[in-house]
Structures are given as structure tokens and as C-alpha cells.
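Protein chains: 2
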Amino acid sequence: MPGTLLAVHVHAHVKPDAIDAFIAATRTNAAASLNEAGVVRFDVLQEVEDPTRFVLVEVYRNPAAAAAHKQTSHYVTWRDAVTAMMAEPRDSVKHVTIFPEDDDY
Amino acid sequence: MPGTLLAVHVHAHVKPDAIDAFIAATRTNAAASLNEAGVVRFDVLQEVEDPTRFVLVEVYRNPAAAAAHKQTSHYVTWRDAVTAMMAEPRDSVKHVTIFPEDDDY
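Respectively, the protein sequence lines represent chains X and H.
The opening position of the first sequence corresponds to residue 2 in our numbering, with each subsequent residue numbered one higher.
The opening position of the second sequence corresponds to residue 2 in our numbering, with each subsequent residue numbered one higher.
Isolated chain X (complex conformation) (with noise of 0.2 Å):
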């Protein structure tokens, strides 16, 4: 059976000047995440093909906690302060977990 759990890529494509930037920015709201209840996982992970192509790996415990996440301060400042360093839109991609278990997340 598959995992309750919701895992969301989100893969951001920034401007090669804003690298330094993007990686402060989306540190702090990575860090400030994790202190979410219904947040798992907060991964960040460049390319290393394309340092400017970035994935976060957000794993939430429902989809509520998803959404939730976006109505928090850190989530809108980092959301404010990262627009004007994208190359191009963000895509956002949303799985169900199969592998493993909810709890050994």
C-alpha cells in the first residue's frame, strides 16, 4: 500500500547573478519549515549539470500541512524574495509515497 505521506519536487530554474541569493533565501525558509508540525522533509539540492537549477524536496505529512506551509511568514517572504531571481516559472510536482514506510520518514 502506498503512504499517506505527500511529497512535492518543486524545481526552480534561477538567474545565473541570483545562485548566492537563492541558495540564502531558500536556506532560511528550509530551516524555518522543518519547525512546521506537518512538515517531513525540507531538502535542498542544485544541479550539478546546471548550478543554477535547483529541486526542493518538501515531504509533508498530508495535504493540509501542504497548504498550511503556504500561509506561513517564512514561506511568503521567501516566496516575495526569490521572484524576481527566477530564470522562468517554478514547476511543481506532487507524489504519493511508495516506498518506505510512513513512519521511517
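For the record, the hints were derived by calculation from the structure and aren't laboratory data.
Mixed in with the good hints there might be a few duds.
Remember, identical chains collapse to one label, so a pair may be satisfied in a single copy or spanning two.
[To be verified] Pairs of lysine to aspartate or glutamate residues, derived as DMTMM-like cross-links and limited to a Cα-Cα distance of at most 20 Å, are as follows:
{"no.": "1", "residue 1": "95", "residue 2": "51"}
{"no.": "2", "residue 1": "71", "residue 2": "92"}
{"no.": "3", "residue 1": "71", "residue 2": "37"}
{"no.": "4", "residue 1": "16", "residue 2": "48"}
{"no.": "5", "residue 1": "16", "residue 2": "51"}
{"no.": "6", "residue 1": "95", "residue 2": "50"}
{"no.": "7", "residue 1": "16", "residue 2": "81"}
{"no.": "8", "residue 1": "71", "residue 2": "81"}
Fit chain H to the known structure of chain X by using the hints.
Just chain H now, kept in the frame of chain X:
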């Protein structure tokens, strides 16, 4: 500073009639992979919008651990088992880990 881990996202698009078999084979491979010393994470995700699309979220201690994974019998068994299940070739993207710190993975 970025971390020293290597995060690999493998995107797999499977034939519709192979979804269940792919999940079974991939769960077995993921569970065995977690027993490798160099494997930190091995999550399996299925897209909500298109259940024929999966992401394997693999985190390795270093590039040598990723190479060692491909030498294991469970990887070879999985690779051969899923060959006929693929709707298109798999795509693999390597990342450096920006957040959290290595010790928090």
C-alpha cells in the same frame, strides 16, 4: 557551504500495465539498497497526476557509493526486471545537497 552527499533523482516512466510490477520490484530494490553502507536514502515516489511516472530519490554518501550501488545484485536484478516495463528510457539527475547539513540526512 554545500554538503558532500550526492543526491540522484531517477525519473521512470512505466507502461500502464506494468505499474504494479514496477512498484513491487522497486520496493524490493529500495529496501535492499538501504542496507548498503553508502546509501543514506532510497525513497520511491509516484506522481499524483500521472501514476505511470515515478521518481527514485537516492542519496549517497559520495560518488563512489553511487557507483557501488550499481554493482550490487539487487540493483542488477531490478534493472533487468524493469527493462521491459519502461515506456521510455529513464532519466537520472545528480545534485549536491544544499540543505540540510550532511549529519541531518
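Results of checking the hints against the structure:
Taking identical chains as interchangeable, the C-alpha atoms of residue 95 and residue 51 lie at most 20 Å apart only when they sit on different chains, with a minimum of 10 Å there against 23 Å within one chain. Taking the shortest alpha-carbon separations for residue 71 and residue 92, only the intra-copy value of 15 Å comes in at or below 20 Å, while the best inter-copy value is 30 Å. In this assembly of identical chains, residue 71 and residue 37 lie within 20 Å of each other by CA distance solely inside one copy; the values are 11 Å within and 37 Å between copies. Within a single copy, residue 16 and residue 48 get their C-alpha atoms as close as 14 Å, which meets the 20 Å cut-off; across copies the closest is 28 Å, which misses it.
Proximity of residue 16 to residue 51 under the C-alpha cut-off of 20 Å is restricted to the intra-copy arrangement: shortest distance 11 Å within a copy versus 30 Å between copies. Taking identical chains as interchangeable, the C-alpha atoms of residue 95 and residue 50 lie at most 20 Å apart only when they sit on different chains, with a minimum of 7 Å there against 24 Å within one chain. In this homomeric assembly, residue 16 and residue 81 come within 20 Å of each other (Cα to Cα) only inside a single copy, at 15 Å, whereas the closest approach across copies is 40 Å. When the C-alpha separation of residue 71 and residue 81 is checked against a cutoff of 20 Å, the pair qualifies only within one copy, where the shortest distance is 12 Å, while the shortest distance between copies is 42 Å.
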